[in-house]
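Colleague: These protein sequences, in sequence, are chains Z and U.
All letters in the first sequence, in the order written, are residues 1 to 622 by the numbering used here.
All letters in the second sequence, in the order written, are residues 1 to 622 by the numbering used here.
No lab work stands behind these hints: they were computed from the structure.
Keep in mind it's a predicted model, so treat the numbers as computed, not measured.
Careful, some of the hints might be misleading.
Any copy, or any two copies together, can satisfy a pair, since identical chains are not distinguished.
Straight-line Cα separation of at most 30 angstroms, DSS-like style, residue types lysine-lysine; simulated pairs [as the list claims (entries may be wrong)]:
# : residue 1 : residue 2
1 : K112      : K100
2 : K112      : K90
3 : K100      : K177
4 : K177      : K32
5 : K32       : K90
6 : K90       : K177
7 : K258      : K459
8 : K177      : K425
9 : K437      : K116
Number of protein chains: 2
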Amino acid sequence: MDAAQETRNKEAFRHAVVNTLERRLFFIPSFKIYGGVAGLYDYGPPGCAVKSNVLAFWRQHFVLEENMLEVDCPSVTPEVVLKASGHVDKFTDLMVKDLKTGRCYRADHLVKDYCKDKIENDHNLSAELAAELRHVLAVLDDLSEEELGAKIKSYGITAPDTKNALSDPYPFNLMFKTSIGPSGLSPGFMRPETAQGIFVNFKDLYYYNGNKLPFAAAQIGQAFRNEISPRQGLLRVREFTLAEIEHFVDPDDKSHPKFSEISNLEFLMLTREDQVSERPARRIPIGVAVLEGIVNNETLGYFMARVYLFLTHIGIDKDRLRFRQHQANEMAHYAADCWDAEIECTHDWIECVGIADRSAYDLRAHTDHSGTPLVAHEKYPEPREVEKLVIAPVKKELGLAFKGSQKMVVEALEAMGEKEAMEMKATLEAKGEADFKVCTLDKNVTIKSNMVSISKEIKKEHQRVFTPSVIEPSFGIGRIIYCLYEHTFYTRPARDGGEEQLNVFRFPSLIAPIKCTVLPLVQNQEFEEVARRIARSLTAVGISYKIDITGTSIGRRYARTDELGVPFAITVDSTTSVTVRERDSKLQIRVNVDEVASVVKDVTDGVSTWADVQWKYPTHSS
Amino acid sequence: MDAAQETRNKEAFRHAVVNTLERRLFFIPSFKIYGGVAGLYDYGPPGCAVKSNVLAFWRQHFVLEENMLEVDCPSVTPEVVLKASGHVDKFTDLMVKDLKTGRCYRADHLVKDYCKDKIENDHNLSAELAAELRHVLAVLDDLSEEELGAKIKSYGITAPDTKNALSDPYPFNLMFKTSIGPSGLSPGFMRPETAQGIFVNFKDLYYYNGNKLPFAAAQIGQAFRNEISPRQGLLRVREFTLAEIEHFVDPDDKSHPKFSEISNLEFLMLTREDQVSERPARRIPIGVAVLEGIVNNETLGYFMARVYLFLTHIGIDKDRLRFRQHQANEMAHYAADCWDAEIECTHDWIECVGIADRSAYDLRAHTDHSGTPLVAHEKYPEPREVEKLVIAPVKKELGLAFKGSQKMVVEALEAMGEKEAMEMKATLEAKGEADFKVCTLDKNVTIKSNMVSISKEIKKEHQRVFTPSVIEPSFGIGRIIYCLYEHTFYTRPARDGGEEQLNVFRFPSLIAPIKCTVLPLVQNQEFEEVARRIARSLTAVGISYKIDITGTSIGRRYARTDELGVPFAITVDSTTSVTVRERDSKLQIRVNVDEVASVVKDVTDGVSTWADVQWKYPTHSS
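Okay, chain Z solo, but in the shape it has when bound (with noise of 0.2 angstroms):
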């Protein structure tokens, strides 16, 4: 199969997905009937259902069994917190406006698109230029704001709808901005991530998990990014749901305690090297990846398995969902390691999870903006005796001598660090004077040396005082979920034997929107009254369903269960007992009316497998 079909194959499966998942409202653009809002939409039923089932199951499996900190912040947020964390100052993107019409483009966006037109269009394209052009696609990423805006004078790219001339590209930043309280003198954004929440609270934290580390926080909820021109439809929109954990840790020791748990688990990795030599990626047991240092340590390497055995036990096929390790020059400057979980999907290998050691940037960057030590304490054994230096400036003598300036003296005096001091103590010592810079009063003064005195002492410490590590598993789960349908969904023939496919997404039950239908095989009082008691039954053991009494056939009704990925359905064809039909194999058992809700919730809850069921019912065959 040629690229080119291959493409066209590609587009024809997310249009029958994208189309199922609009008609059967998983989701729906929102503000519809206003003409929409490009990036957002709404979930709407099942939709709604799988996402709440998802999170449960994320609750379930890094909360509840990690025993991490649940925490819920304001998306509203003061700027202050957003200039600390460096949102304020580099949340943006790059932006081109349409000169005449005043609309804007993302600069990055418009030359990839010239980029891979040309490419693909242009036969007479020179073999020069096209090695160019591939080699700009590469690095668009790393392009500066002059780089991308020569680029565009340069292949004379202009605004896609009107032709019209662009201007230079200039930062745009992504935050919604808005204003709290009526002066209009605080200015607040909606929170990009969840992650500073849990930071700004690590004091607390950190008290209430008992002074000691290692501990986890987690926040899921909603997160803002004001896109430019949203493309990709679900993948990149305006408003999300993250779910983010914070593990903090000491940068001395980051093993990890259940390491041995999940160390031979294997998956795919596509590391550093492996990406520069264009190498595929590659099954290695995460054990041998931190022995061997491809991964940086234990706890880094055990959220990714627990990030694997997370995405597949929801449903995400385990060949189409790789961890790709960040470039030097793609990470952060601050970061140790960082792993990008990436899902295959229609739209290319996708960014879902991101993996990062962080190391200690972010509440060393609240220490110094808050004022508020963001540190923890590790108790020594017995105190431990360390040199310190001492420097004490004689304000008497520094008065007299700088008059007003005295206290800029005192405090650059005091601010100096361990080499400097211990020069001017021998300089002090040698002459009985010192030529010393003051910044703050832009000029030198001549230190005497009755004027400080600097020396080492020999000090007692019962403790160590440090920054923890930051190693920070954040999930983009309306992204994990659109690459769910995609994996989840097929097409089989109608039965009556016509060219007609039919929708199915092979949701496991833990994440099925609805875990089963009940259906009377025909329209009667009697077969109604018989699914209305299952349904009652069905609610008191917790198990959601759909009632469908139309007279629809029942091939037709399977039809539109399937299409919701809906696992099991109830047949009532008598009284007494009725079928139970598994979606997939479309396969049907027979169970007494009394005893087919438990059947029912045992199979969707993993109590029993279909296997163990088809074992003790009757086949039924329709």
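Dock chain U against the given chain Z, drawing on the hints supplied.
Modeller: Relative to chain Z, chain U alone:
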């Protein structure tokens, strides 16, 4: 007890509750290390778990049991939607500004504070003025901009912080405003309620429900309210979680199929008349209330009962819960009836759930603004013959007569009501011409009989088309949770007989943030291993726990866990059997290590009661 003492007691109680909540991180003032932001709070670990349990039960009690369609829409909302709903124009509070500092206050708060202070503290107050101030307090919510301004002037109210003069009151819109996309041309707001997301999707949801009424849609999500100056701590915040239900029903038939299941339920109601006559709330069976027309209809009554069951099940005291009917003047003009579930706490009776019959208002507003008809259809068993007015303008003649104004005349003719049209018909038949006012031209024209034909025709109608009524129960989750804290909090003396009082939250197991603690009686490796084994089996059955292996005394550790409202404590005092202690009775039973997880699971899930297991297992006396 006099009123002042009662106030002091309430404040002391509130202080004890809030202090415990904050110390144990049920909540945390958001962005605390940066000085916080008024009206924004985080849920810390136990608070977040309580919230997540309340929401899970809400989903079970409403969405699952009533087969509702749950949706999940974005918070960012374009202006057009909130223009249609009326929020852009009317979601305001009246504000005054300190004329020197620019600080803003809610006008009604200042007047309220002034009146209360005068009444309580001014011992020279004349009986006449006291009566006036009491009247102002009673009608405060109804005062207009001008009336409030006049009160502020005549009482000489100044800015509380500076005593500076105040501006006249003016409306401040309470929505957080933002801009969607980079152009600055698409204003948007953070939604003030989740309901609009459901209304704009009515057409799709109705289709999803098989084009059948009644059905209900539900949404849980964040809502935002940019308060002028938030007070009352956790009860008046700028971002909060709402859970809203929109039940769509035929306006001609508001009966409810499950009404008989709850019609005997009785609870406190404070009717419109009882409020006017200053009579106390009465316990009335909801069946009687609907029958006597106290509650407008069965569906409204059904939801009141379901709300009562929900609130009391999570732990709200039924004697401090009442349903207060809105007075005609506090209800929106379109509403048919409205009841607030109010919960008494130390701040007074607090509106926690609003249950309103909003008639067809919302769907009509969005129909008008979007041009998409949000209507339902009822097929008649057989077609009905109806007389229909037919107005047929003769465009050729009108064109000749009115040239460029033809379109306006045609539209005006077509827009005539039945009465006006039949009068014109009579005039045309009698005189051959008629005077006709065209509003869009702002003048009268002469219509001749050859310019329009007006007739009544018998047409067959196959269906009735109508706008459904909406019955809306809307839950303020944060307020409910705060009241729950107050209703479940109590203190008891420490065991050692000293003065110390220990704090307890008597949360039902369903709601408790953690279901049990695991405590080795003394620090020893064997007991710790047993504790970890029990912890693993608790995780396996899905029971959240906290393990406490600190060397603190067992009594102190029980006190800590009581303060978090943990219902059960497992104490490891041997390697074969352990004790289970119930929080409120402090009684203990002895259970085998291998059985303990399932015993705790059964009592927390409600499969057995504490009395059941007390009977089954030997009592342990420590």
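Colleague: So which hints don't hold here, by number, going up?
Modeller: Checked against the structure, the hints that fail are numbers 7, 8, 9, while the rest are satisfied.
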